[in-house]
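Student: As given, the protein sequences belong to chains A and B, one line each in that order.
Quick note: the first sequence uses the working numbering, first residue 13, plus one each step.
Quick note: the second sequence uses the working numbering, first residue 13, plus one each step.
For the record, the hints were derived by calculation from the structure and aren't laboratory data.
Each hint should be verified, as a subset may be incorrect.
Far from chain A, some chain B residues (derived; all Cβ distances over 12 Å) [unchecked claim]:
(1) Lys33
(2) Ala45
(3) Gly89
(4) Ser110
(5) Gln143
(6) Arg163
Partial list, computed: chain A residues near chain B (C-beta under 8 Å) [claimed, not checked]:
(7) Asn54
(8) Tyr124
(9) Gln174
In silico EDC-like pairs for lysine to aspartate or glutamate, Cα to Cα no more than 20 Å straight-line [what the hints assert, rightly or not]:
(10) B:Lys136 x A:Asp182
(11) A:Lys148 x A:Asp47
(12) A:Lys135 x B:Asp175
(13) A:Lys183 x A:Glu219
(14) B:Lys148 x B:Glu128
(15) B:Lys135 x A:Asp47
(16) B:Lys138 x A:Asp151
Even for Gly, the Cβ is constructed at its ideal location relative to N, Cα and C.
As a plain string of letters, each chain reads:
2 protein chains.
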Amino acid sequence: ELVSALEQANTSPLAGNWQGKRVLITAGPTREAIDPVRYLSNHSSGKMGFALAAAAAAAGAKVQLIAGPVALATPEGVERIDVQSAQQMHAAVMSHASSADVFIGCAAVADYRVAEVAEQKMKKTKQDELQLTLVKNPDIIADVAALQYQRPFTVGFAAETQDVARYAKDKLSRKKLDLICANDVANPAQGFNSEQNAIVAYWPGGELSLPLQPKTHLALAILQLIEQRLAQQQQLT
Amino acid sequence: ELVSALEQANTSPLAGNWQGKRVLITAGPTREAIDPVRYLSNHSSGKMGFALAAAAAAAGAKVQLIAGPVALATPEGVERIDVQSAQQMHAAVMSHASSADVFIGCAAVADYRVAEVAEQKMKKTKQDELQLTLVKNPDIIADVAALQYQRPFTVGFAAETQDVARYAKDKLSRKKLDLICANDVANPAQGFNSEQNAIVAYWPGGELSLPLQPKTHLALAILQLIEQRLAQQQQLT
Numbered sequence: 013e014l015v016s017a018l019e020q021a022n023t024s025p026l027a028g029n030w031q032g033k034r035v036l037i038t039a040g041p042t043r044e045a046i047d048p049v050r051y052l053s054n055h056s057s058g059k060m061g062f063a064l065a066a067a068a069a070a071a072g073a074k075v076q077l078i079a080g081p082v083a084l085a086t087p088e089g090v091e092r093i094d095v096q097s098a099q100q101m102h103a104a105v106m107s108h109a110s111s112a113d114v115f116i117g118c119a120a121v122a123d124y125r126v127a128e129v130a131e132q133k134m135k136k137t138k139q140d141e142l143q144l145t146l147v148k149n150p151d152i153i154a155d156v157a158a159l160q161y162q163r164p165f166t167v168g169f170a171a172e173t174q175d176v177a178r179y180a181k182d183k184l185s186r187k188k189l190d191l192i193c194a195n196d197v198a199n200p201a202q203g204f205n206s207e208q209n210a211i212v213a214y215w216p217g218g219e220l221s222l223p224l225q226p227k228t229h230l231a232l233a234i235l236q237l238i239e240q241r242l243a244q245q246q247q248l249t
Numbered sequence: 013e014l015v016s017a018l019e020q021a022n023t024s025p026l027a028g029n030w031q032g033k034r035v036l037i038t039a040g041p042t043r044e045a046i047d048p049v050r051y052l053s054n055h056s057s058g059k060m061g062f063a064l065a066a067a068a069a070a071a072g073a074k075v076q077l078i079a080g081p082v083a084l085a086t087p088e089g090v091e092r093i094d095v096q097s098a099q100q101m102h103a104a105v106m107s108h109a110s111s112a113d114v115f116i117g118c119a120a121v122a123d124y125r126v127a128e129v130a131e132q133k134m135k136k137t138k139q140d141e142l143q144l145t146l147v148k149n150p151d152i153i154a155d156v157a158a159l160q161y162q163r164p165f166t167v168g169f170a171a172e173t174q175d176v177a178r179y180a181k182d183k184l185s186r187k188k189l190d191l192i193c194a195n196d197v198a199n200p201a202q203g204f205n206s207e208q209n210a211i212v213a214y215w216p217g218g219e220l221s222l223p224l225q226p227k228t229h230l231a232l233a234i235l236q237l238i239e240q241r242l243a244q245q246q247q248l249t
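Only chain A is shown next, with the shape it has when bound in the complex:
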């Protein structure tokens, strides 16, 4: 409601630094086909990524939203590209990343896909056990952060169930991200299908805790933090 009220007033609590900025966002889960009727997936409603897209568009940014299978309406003024698998999401992101000023990888991308997708529905066999061979998917956020030419400011998300801070900081430095938003999905009040979320944001040399609040509010706080970090990076260069 906040975002649509802001849209009507044609203003935004954000500092206006988003006017003309190009923002690329991923949201939702990916689905990795096993056969025509079965798939592997991750829990993700897409709400956090869609809230970020809505808030950035309301603040004047040109937003492209690459969405996995979710049951959400496209925010006003946002260009949406629908994908299913991690490989499709990777291809869509890599073809748009170099023209973005900011990339926010909010999607819950499947780390692994099935090695061989069956063309026809697999029949249940007499065997009690079945082995499914999985292979690694491309690492979208690491590939964006590793761009040598026209690399956008790169923001990741880490959904963890334990050692949240440690895993998030490790992911930040290992994948050379500019910012990472960590959330503890073991807490049912936040994350996944909830309307609310709490995160801790980490960047090289700093961190900020954003307490439990509606995802629409959290989106504004995250965009404000990105503005600040971008401004600081530009002062340094």
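Knowing the structure of chain A, use the given hints to seat chain B on it.
Tutor: Just chain B now, with coordinates in the frame of chain A:
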């Protein structure tokens, strides 16, 4: 719209044989957890099962609907029980099956679940391949059809991508069902997330083809067929 119009008129094109009948229906997919963030599932919107539940309730039946994770509203007058996994769906069905006159297994139940569910989010390893060991889930429809005491009239569904008639007839006889509704999900116009479906119904000694039509209409045709089959069985005994 047809069903709600009928509800308002407090009448139904069904012969009225459903007044006081107890109908148990499963709908939607099941989700088999891999860890707290990942799962295996099947494509299924739940629309066919929910349409059957709405039509049966509108015709005067007492309907219990056991639903996997779907984004659908509960039809008026229907008692809904939400479940996630095949094991949960099996337990819910077996505790209600003996008090039902008719059981319709419309859910897309996962044949296999993960052998060992991880309590914490599994970390991506350096290995390029990962083996996932799956074990067979209980066979809900076969277990209902095998009930020796207070066995309901048992209706199954078969969603196939090839040899649809052969697989459906085999499932009918092997699992000792009273009726099976087969649909070819390789055709994108029908099945899964579509509002329409076409099925061929098979029973011991007969078959009926129901062409492509809204799932709400198809639900009425399937219930009419069940009525006829029930009447014939009762004449024979």
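Student: Honestly, which of those hints from before does the structure not fit?
Tutor: 2, 5 and 15
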